[in-house]
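*Asks:* Keeping the supplied structure of chain A fixed, place chain B upon it in accordance with the hints.
Top to bottom, those sequences are chains A and B. Here the first sequence is numbered in my numbering, starting from 472 and rising by one per residue. Here the second sequence is numbered in my numbering, starting from 472 and rising by one per residue.
Possibly wrong hints are sitting among the right ones.
Because identical chains share one entry, a pair is satisfied inside a single copy or across any pair of copies.
With a cut-off of at most 20 Å between alpha-carbon atoms, the simulated DMTMM-like pairs for lysine to aspartate or glutamate come out as follows [claimed, not checked]:
# : residue 1 : residue 2
1 : Lys636    : Glu602
2 : Lys637    : Asp473
3 : Lys663    : Asp646
4 : Lys610    : Glu591
5 : Lys649    : Asp665
6 : Lys666    : Glu569
7 : Lys678    : Glu569
8 : Lys637    : Asp665
9 : Lys663    : Glu648
These aren't lab readings, by the way, just hints derived from the structure by calculation. These numbers come from a predicted model, not from an experiment.
2 protein chains.
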Amino acid sequence: MDMADKRFSSKSISLLDRQYRANLINSVTGFKSLCLIATISPNGISNVTPFSQVFHLGADPPLIGLVSRPLDVVRHTLENILATRHFTLNHVHETFLEKAHQAAAKWEISEFTACGLTEEFTSHPAPYVKESFIKMGLKFRERIDIPLNRTVLIVGEIVELILPKKIIGKDGYADIEKAGTLTVSGLDCYHKTDKIVRYSHPSTNEKPSAV
Amino acid sequence: MDMADKRFSSKSISLLDRQYRANLINSVTGFKSLCLIATISPNGISNVTPFSQVFHLGADPPLIGLVSRPLDVVRHTLENILATRHFTLNHVHETFLEKAHQAAAKWEISEFTACGLTEEFTSHPAPYVKESFIKMGLKFRERIDIPLNRTVLIVGEIVELILPKKIIGKDGYADIEKAGTLTVSGLDCYHKTDKIVRYSHPSTNEKPSAV
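Excised from the complex, chain A in its bound form:
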């Protein structure tokens, strides 16, 4: 492939068309995790929407962070999290990718009903997506406002984790590729993965080996 470069400066990025810039910047930050985030309102109306701005924040306690804009499409999700203090994250697989994508549209009714996804409840207060093989129940821990661009960072703690026994290795690594978990690039491009290698702990004495 011709790898001749295009270079953007701060100035040229700021002058881009709004949607072009959103597509470009969302792509170059790399592959992202893809989850359906599900909540329930204080009135009992469930809500589910695809979400790619989730990141690992720590394992002990098990914390994740998610980024939301106060006024974007996940506003109901954010309102429900702040009101009920609970939500779930559910991995997305190819079998229900189309439904997951469509859940991002502005529905007047629950996206579970509108898109044909199935609610599932445990003792956790928020609904899970039954179709998903890897599910996390989370409790709200902290809200951090980022005034620089008016985004809101929500910190959640994993209080329930449900996944197939068969994908959990002896050392705790969960083979999410084997479970069919997808990844997303940009705003709307979905990918399967193809494992290259899992490497041993990096050392200054020898080259990494496959584990």
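*Replies:* Positioned in the frame of chain A, the structure of chain B alone reads:
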């Protein structure tokens, strides 16, 4: 595949062996972006290390967030960012994956020299990794401490962006799979991607179509 579930509660997660928990929790948060983060110390010693805790924070201005522990292996990176206010993020491809992984070991000299990666400078103060096709030069914007688990969130603004012309679509979407960008699961498992579909904007009126 046998998809019989294993369920973990808060309690059972807290009782796991430390390394087992780190592997498990890092896996279930989904696929992550994989970059080499490069900095230079005030004394001119360059530093480069693989990093998977980078996330998109906004496109206007173009902001990314990264999560670090004050005391973890990327401490030099964090110190250099705070001292020089600049760093770069460089996508990782299969051709130099082994070198990128090994850059995480505790080297006494610059990881560029130790691992056989090539420094490249533009007018941006921090070094780029020449072998990478997609490179971002960033300026430090904000530090947010997260007392819950003593992590530090660094917010950076993309002030220079360099990528192959050929992968940029008409609407700004950059085809990072075509550039060979990799993704990571858990702490140390690397994957290529295989595009399924890029969907049209979700609508309540019709099913999504491929774009």
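*Asks:* Determine for every hint whether it applies to the structure shown.
*Replies:* Quick rundown of the hints versus the structure:
1. Taking CA atoms no more than 20 Å apart as the test, Lys636 paired with Glu602 passes inside one copy only; the shortest distance there is 16 Å, against 39 Å between copies.
2. Taking the shortest alpha-carbon separations for Lys637 and Asp473, only the inter-copy value of 7 Å comes in at or below 20 Å, while the best intra-copy value is 43 Å.
3. Both within a single protomer and between protomers do Lys663 and Asp646 lie at most 20 Å apart by alpha-carbon distance, with minima of 13 Å and 15 Å respectively.
4. In this homomeric assembly, Lys610 and Glu591 come within 20 Å of each other (Cα to Cα) only inside a single copy, at 17 Å, whereas the closest approach across copies is 44 Å.
5. For the identical chains of this complex, Lys649 and Asp665 are neighbours both inside a copy (10 Å) and across copies (14 Å), given an alpha-carbon limit of 20 Å.
6. Taking the shortest Cα distances, Lys666 and Glu569 sit within 20 Å of each other only across copies (14 Å), while inside one copy they are farther apart (24 Å).
7. Taking identical chains as interchangeable, the C-alpha atoms of Lys678 and Glu569 lie at most 20 Å apart only when they sit on different chains, with a minimum of 8 Å there against 42 Å within one chain.
8. Taking the shortest alpha-carbon separations for Lys637 and Asp665, only the intra-copy value of 18 Å comes in at or below 20 Å, while the best inter-copy value is 24 Å.
9. Proximity of Lys663 to Glu648 under the C-alpha cut-off of 20 Å is found in both arrangements, the shortest distances being 8 Å within a copy and 11 Å between copies.
Comparing the model with each numbered hint stated earlier shows that all of them hold.
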